[in-house]
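Enquirer: Starting from the known structure of chain A, arrange chains B, C, D, E, F, G, H, I and J with the ligands on it as the hints suggest.
Residue numbers (the working numbering), protein chains in the order written: chain A, 1 to 158; chain B, 159 to 316; chain C, 317 to 474; chain D, 475 to 632; chain E, 633 to 790; chain F, 791 to 948; chain G, 949 to 1106; chain H, 1107 to 1264; chain I, 1265 to 1422; chain J, 1423 to 1580.
Calculated from the structure, these hints are not laboratory results.
Everything hinted at is true.
Here are the simulated DSSO-like pairs of lysine-lysine, each with C-alpha atoms no more than 27 Å apart in a straight line:
# : chain 1 : residue 1 : chain 2 : residue 2
1 : D       : Lys530    : D       : Lys578
2 : B       : Lys316    : A       : Lys158
3 : G       : Lys1095   : C       : Lys474
Residues of chain C clear of chain A, computed beta-carbon distances all greater than 10 Å:
#  : residue
4  : Gly325
5  : Asn331
6  : Thr338
7  : Val344
8  : Pro349
9  : Lys351
10 : Pro353
11 : Gly354
12 : Lys372
13 : Asp388
14 : Lys420
15 : Val423
16 : Leu425
17 : Glu459
18 : Lys474
From the three backbone atoms N, C-alpha and C, an ideal C-beta is built for every residue, glycine too.
Listed below are the residues making up each chain.
Protein chains: 10
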Amino acid sequence: MRSEAELEGVTLLGNNKTQYKTTYSPEVLEKFPNKHPGNDYMVTFNCPEFTSLCPKTGQPDFAEIKINYIPDQYLVESKSLKLYMFSFRNHGDFHEDCVNIIMKDLVKLLNPKYIEVEGIFMPRGGISLYPFANYGKPGTEFEAIAKTRLFAAIDRRK
Amino acid sequence: MRSEAELEGVTLLGNNKTQYKTTYSPEVLEKFPNKHPGNDYMVTFNCPEFTSLCPKTGQPDFAEIKINYIPDQYLVESKSLKLYMFSFRNHGDFHEDCVNIIMKDLVKLLNPKYIEVEGIFMPRGGISLYPFANYGKPGTEFEAIAKTRLFAAIDRRK
Amino acid sequence: MRSEAELEGVTLLGNNKTQYKTTYSPEVLEKFPNKHPGNDYMVTFNCPEFTSLCPKTGQPDFAEIKINYIPDQYLVESKSLKLYMFSFRNHGDFHEDCVNIIMKDLVKLLNPKYIEVEGIFMPRGGISLYPFANYGKPGTEFEAIAKTRLFAAIDRRK
Amino acid sequence: MRSEAELEGVTLLGNNKTQYKTTYSPEVLEKFPNKHPGNDYMVTFNCPEFTSLCPKTGQPDFAEIKINYIPDQYLVESKSLKLYMFSFRNHGDFHEDCVNIIMKDLVKLLNPKYIEVEGIFMPRGGISLYPFANYGKPGTEFEAIAKTRLFAAIDRRK
Amino acid sequence: MRSEAELEGVTLLGNNKTQYKTTYSPEVLEKFPNKHPGNDYMVTFNCPEFTSLCPKTGQPDFAEIKINYIPDQYLVESKSLKLYMFSFRNHGDFHEDCVNIIMKDLVKLLNPKYIEVEGIFMPRGGISLYPFANYGKPGTEFEAIAKTRLFAAIDRRK
Amino acid sequence: MRSEAELEGVTLLGNNKTQYKTTYSPEVLEKFPNKHPGNDYMVTFNCPEFTSLCPKTGQPDFAEIKINYIPDQYLVESKSLKLYMFSFRNHGDFHEDCVNIIMKDLVKLLNPKYIEVEGIFMPRGGISLYPFANYGKPGTEFEAIAKTRLFAAIDRRK
Amino acid sequence: MRSEAELEGVTLLGNNKTQYKTTYSPEVLEKFPNKHPGNDYMVTFNCPEFTSLCPKTGQPDFAEIKINYIPDQYLVESKSLKLYMFSFRNHGDFHEDCVNIIMKDLVKLLNPKYIEVEGIFMPRGGISLYPFANYGKPGTEFEAIAKTRLFAAIDRRK
Amino acid sequence: MRSEAELEGVTLLGNNKTQYKTTYSPEVLEKFPNKHPGNDYMVTFNCPEFTSLCPKTGQPDFAEIKINYIPDQYLVESKSLKLYMFSFRNHGDFHEDCVNIIMKDLVKLLNPKYIEVEGIFMPRGGISLYPFANYGKPGTEFEAIAKTRLFAAIDRRK
Amino acid sequence: MRSEAELEGVTLLGNNKTQYKTTYSPEVLEKFPNKHPGNDYMVTFNCPEFTSLCPKTGQPDFAEIKINYIPDQYLVESKSLKLYMFSFRNHGDFHEDCVNIIMKDLVKLLNPKYIEVEGIFMPRGGISLYPFANYGKPGTEFEAIAKTRLFAAIDRRK
Amino acid sequence: MRSEAELEGVTLLGNNKTQYKTTYSPEVLEKFPNKHPGNDYMVTFNCPEFTSLCPKTGQPDFAEIKINYIPDQYLVESKSLKLYMFSFRNHGDFHEDCVNIIMKDLVKLLNPKYIEVEGIFMPRGGISLYPFANYGKPGTEFEAIAKTRLFAAIDRRK
Ligand SMILES: [Ca+2]
Ligand SMILES: [Ca+2]
Ligand SMILES: [Ca+2]
Ligand SMILES: [Ca+2]
Ligand SMILES: [Ca+2]
Ligand SMILES: [Ca+2]
Ligand SMILES: [Ca+2]
Ligand SMILES: [Ca+2]
Ligand SMILES: [Ca+2]
Ligand SMILES: [Ca+2]
Ligand SMILES: [Ca+2]
Ligand SMILES: [Ca+2]
Ligand SMILES: [Ca+2]
Ligand SMILES: [Ca+2]
Ligand SMILES: [Ca+2]
Ligand SMILES: [Ca+2]
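The following block holds chain A by itself, in its conformation from the complex:
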C-alpha cells in the first residue's frame, strides 16, 4: 500500500469540493510517482463519456476516448484525468485536433516512454471519424514502435 509520501500531489481523489470545469483546462491534470520503474508496463484508460463542440457549427460531438501509455517516472491520477476530459465540454475543435491535443497534454505532464490516444466519435451525416495519434520518446525503442502502432487501432475494430 502507498504511504502518504507516495501519494503527495494527489489532491483531487476523495476531495468533496470537486470543480467540474467546462472549458479546456489542461492544468487540472495531476501525476504521482511510478513505484515500478524496474519493469516497463502499459496503463490503459477507457473514457466513454467525452463530449466537445464542432468548431464551425457549435453542434455537440460525442466520443469514446482510449488512452494507452508506458510510464517513465510518473502516472496520471485517474480522477484528474476525468476532470480534464470533462473540460472539453464547451471546447470547439475538429475530431482530429482533439485527439492530438489530448496526446500532447499527457506527453507534457508525464514525459512517458510511449503513449497513444484514439477517439471513437459518434457518426455525423452517416459517417464515423476515428482519429488515432501516438508518440514514442525520442532516443528510446518506442520511437520506432510508434510508427508501427499507427495501424493498431484499425485492426482491433471489427
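Expert: Here is chains B, C, D, E, F, G, H, I and J with the ligands on its own, set in the frame of chain A:
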C-alpha cells in the same frame, strides 16, 4: 480551436444549400490543412451508407466503405467526403473498381503518406465480395508497409 | 413442387430483362396463390438494402425494412418485392411516411390477414428513427392483435 | 434407460448402411414411444444444414430449419429426421412451401399436440425470407395457442 | 411525398442558422401533421448522445435516451428533437427527473395516444440507473396498456 | 446468516471426502429449509457440464442443463445438485428422457410449487435437440402456468 | 432542477467522509421524495460489484445484483444503495438468502408499489445459481403482477 | 465504368439461361481483366452456401468457404464463382481435399500473385474441421508471405 | 475423390461397431495419406466435448480442445480423433498435463511439420485455466515459429 | 496421471480446512513440478473475481485479472492461486500497483521463463483503468519478447 484562416477551403460544413449529386463527382471533395505535421497519425472513416449500380445489369449494390489514412499536409473534410460517397448513387462499376477509384481520388486530393480503402459489399447470389486497396507514398517507409497491410482487412473480419 | 399453372403471374423470377426502376413503382409487385390456405402461417422478409431521399433536403436515407405477414389467398413474389423496394431510390418522403406507404401497398396487393412493416433507419444528427406500422383484416381476430403488436418491434430491439 | 422393446421401430440409429436420399422422402421418418405422457413437454430441433432448389430457376437454396413440438404418443427419432431433411437436396419448391410440407409430414407421423416449423433462408437479391408455420391439435387448448404463436418467431429474431 | 403545406411548421430541418441551446429549452420542439391517422403506428427514437449534470455535485452525466410513441394528430420533427435533447447539456437534475420531464414535454407537444421514455445512464460508483416512464391517453385503451408496459424495458435488457 | 440448525441436512458442502458417482444416483440430492416462505421466488441453476451416453450406441453426449424452480418448504443444496448431475456420466438415455428424469427427481425431493428443466444438447449429425419439461403443483395456480411455460425456452433462444 | 428542500435527507451524495462498511448495514440506505407521483414509472439499478461470503465455508462469492422498482412516495438515493451493497462484503449467507434480504430491506425503506431483485452469481463447482425475488404492494394491482413476474428474469437470460 | 470490351469473357452475369451443375465443374469459372495493375490489392469472397458429400459414407457436408487473393492480370467473375461452388453439390471428398482443390483451380484460372482458401465445415461427431490452404506466386515476395499466412485463419477465429 | 487405396487405414469411418473407450487410448488414432504435399497447409480441429477427471479429487473437468497442425505425409482421420478424445473420460490428470499429452500423441502419430493444442477448461473456484502447447519439426522453419506461436492463443481470446 | 510424489507440495487441493485470508498473503501460493520441460508452453489463468480497496478512500474496487506464463521448473497450483487472489480483499492499493505486485509474487514463486498480468478494473467516475505488466527471464529470448508484448493486451480488447 481553429481560426477562420485555418478553416479556409471548408465551404460545405454548416452550409444549407447542400447539393446531393448522384453521378460520380470527385470534384466535391474538399481539404483543410493538417495542424499536427510533427507527428504521424491515423484518421479513420466508416461509411456504412454507400450504394452504386452493377455495371452490367444496373441492379443497385450496397456496401460499407472503410477508409484509413495518414495525412501529410492535408485532411479531407468529412461533409465533402459524405457528398463524394453519395455521388456513386447512379454510377455503375464492379466492386473492385469502386474501391480502387475511391482510393485514387483521395490520393489525388490529399497526397497522403498512406491510405487504404475497403468495401464490405452486401451478398449477391449467396456470395459476399470485399475488395481492399491501399497506397504508401513512394520514397517513404509507408511504401513497404502498404504491401504488408494487404492482409490486414482479412484478419480483422471474423 | 409447383406446377406451371401454380406459377402463373410470376413473370420476373429468372427473367433476364430485369428493369430496375428508381421512382416509386407499386405496379412492379407480383403475387402467386397460397397453396396452404388450411393453416394460417407467417411470412417474414428482411430487406437491409432500402434507400430513399429526405423530402426536404434531398439527402439520401438508408434503412433495413422488415415485413411480416399472414397470407390469405396470395403470397408476394420475392423478386418483385426487391424491385419494388429499389423503386424508392429517388423517392423523397419522411421515414414515417415510407413505412406506412409500403404497408398500404402490400395490403392492396395481397389483402392479407395480417401485416406489419418496420423501418430501421440509419441515424441522422445523432438520433435514429424506427417507424412500425401494422394492419389486421377487419372482421378477423387479427384486427385486435394488430393493436397489441404495436409494441412488438420495440421489445425485440436491445 | 430404455429397454430394447422401448426402442422398437428405431432402425437407423447406429446402423452403418445409411442411405442418403436426395429426393423428397417422407417415408424415411421413424418414431418411438413417448415414456412421459403424464406431463406435456416441448422438444426442439435445430437443423442448420438444410438445402433445396428454386422451383423455377433450379438454383440451390440454403436454410436453417427450426422445429418445436409437444409430443403425444410418439417422438421422432433424430437420425431419421436428419435423413428426411437431407432428402430435400434435389427437391424444388418455394421457401413457403418447404416449411409447410415439413410441418405437415411431421403432423402425419407423430400426431403431436402442437408443432411449429421455421425456415431461416439465406438472402437472395438482398432480401431474406423466413416462413413460419404451426399446428395445434383440434379439440385441445393448443389449437388456440397455435394462432398466438404465429408471432413468436418474429419476436425472437433481433 | 409531402407538399409544402404538409411541411408547414417544420422550420429547423435544412436550416443553416441552427442555434444549439445548452439550457433546458422545451420551446425548440416542433411538430408536423400525421398523414396516416387511419391506422395506429409506433414511432421510435434512439438518442445515444444525451448529457446532463448531477443536481448536487455538478458532475456531467451521460445516457442513451429511448423514446417510443403512437401519434395522434402530430409527429415530432426529428431535428427539433435533437436540439431539445442537446438543451439538457447544462441542466442539473436526477436521472429519474430527466426522464419524466422529457416524457411530459412530449405529451404536451404531441398529445399522443401513447408514449414511453427510457434513460440508460452510464454507471456511477459501480451502479447503473435506468429510469422508464410512460403515458397512455386517458379514455383510450392505451391508458391500461401503459401500466403493463412498465415492465417492458426491464425485459429487453439482457 | 443461517444458524447451524438452519443448515441441518447439508452434509456435502465443505466436506473433503466427496465421492463422484458416475452411475445415475438420485439419492445424493440434499435439501435445506426455505427461510422465505412468505414470498414466492424463483431459483435458477445453470449447469453447462452435463454428460451422458447414447442408449443405443454408447457415444457420449454433452449438454447444458438449465433448471428453474419456485420452492415451497425446501431448497436443493447446490453441491449435491452438482454430484447428482455428474452421476449421469455413465448413464445411457435419450435426451428427452434425461430431461424428464431430472425434473421428476427434483419434484420428488423438493415438492416445489413450480419447476422447469431444459437441456441444450450438442449437435449430432448436423441437428441439435433441446428438450424442455416442466411441472406446476396440482391445486396451485402454477399448474396452469406450466402449460403456458412450455413455449418459454423456445423464445429465449435466438 | 431540485430545490434544497427536495434534497433533504440526501446526506451521502457529494460527501467526502464516506465510510465503507463491510458488515451488513441496512441503516445506510437513504431516500428522497418522488416528484412524479402522478404517473407510475420504473427505476432500474444494475450493481455488478456485489460480493459476500459462503455461510458454511467462508469462501467469497461474487454476483451482479439487478433491482427494478416502481416508487410510491420515495426513491432510494443511489450512493446510499452503493454503500448498502458494499456492506455485504463480510456477510455470510446463501445466494437465495442474500437476494431476499435485499428485497425486504428496500421494501421497508421505500414502501414501493412494486420491487424485484435478481442475483447473477458466478459459478461454483460448474454450476451457476441465480435467485429472483419480488413484491407487489398488497391491495394494488402489483400484488397479482408480482406472481407473473417470477418468470421474467428467466426469459431475458439467453 | 467498364466498356463492353472490358467486360469481354463475362458471359454468365445477367444471363437468364443459367445452368446449375451439381458435379465438380471447374470449367464454369470465368475471368475478366484487372484494370488496376499498378497497385496490388486484395479481393475477398465469403461463400457460406457450400455443400459436398463425404467420400466414404455419402453424407452431405456443409461449409462456409472463404477466399482471399491478390490479382495479377485477371479477376474471377463472381457469378461464375457461385456456379463453380454449387458444382461440388454431388462431389464426394474429404474437407482437406475440397479446400486444396478449390485453391488449385483458382490458381490455374487466375495465376494470381497470392491466394488463400479456408473451409469452415459444420461439426461431425462433436468435432469441427477447418482446413486452410494458400499459395504465393514463385519468384514474388508472396511466396514467403504464404508460409507466414498459414497461421492467419487460426488467429482470427475466436 | 479419393480411391479406395487412398483410404487404406481408415477403418472407423462409416463403421457401425464403434467402441467408445473411456480410459486413455492413444492406439485408436488413425491416419491417411496427405494428397497435397506440394503446398503446406493448416488443418484445424475444434473439439468442444472433452471431459477428464481431476487427478487428486476425481471431480470431472470439462474443456474445449483446439488443435491446429500442418501435415507432412499424413492426416489424422477425424472419427478416430473423436474416439481418442472420448478416451480421456475416466482419465485423471492436471489440465496442463492433458494438453501436453494430446500434443505428443499426435506428433507421434503424424510426425507433422507443426502442431499446437489448446485447452479451454471450465472454471473451478472462480478461476479458468487454459494451457497451450506446440511443436515445430526440428530442422524446419517451424521450429522457430513454434516459439513465437506460444502467445497466439492468448491474443485471440477476448 | 501424476504419482503421489509428483503431487508433493500440493496441500490445499481437496483439503476441507481451507482458510480464506483477506489481507495480502503471498505465502499461500503453492507450486508443483513441470512434467513437460522439453517443450515450452503457455499457461493461462482467468480470474474474474478479484476485489481490493482504494488506497486513499477505502472504496472497494473490482477487476478481472488475467495471467499468462511460460513455466520453467514449476507450475502454480490453481487452488492456491485462488486463495492468493482472495487475500487482496482488504488490501488497499492503486490498480497499477496491484497488477505489478501480483506479477512480482509469481516471478518469485515460479521463476518462470515469461509471465504477464493484466487487470480489467470496473469503471470509476466514467473511466476504466486496465494495467498490464510483464517479465521475461534475463538471458532468455523472452526478455526481448516481453517488450513487444506490452501492446498485446491493448489489441485484443475491442
Ligand atoms: Ca476501437
Ligand atoms: Ca446497412
Ligand atoms: Ca471488415
Ligand atoms: Ca428491430
Ligand atoms: Ca449456414
Ligand atoms: Ca430465428
Ligand atoms: Ca456513448
Ligand atoms: Ca460500464
Ligand atoms: Ca435497454
Ligand atoms: Ca460446453
Ligand atoms: Ca436456451
Ligand atoms: Ca464481474
Ligand atoms: Ca439476467
Ligand atoms: Ca472462422
Ligand atoms: Ca480461445
Ligand atoms: Ca481484455
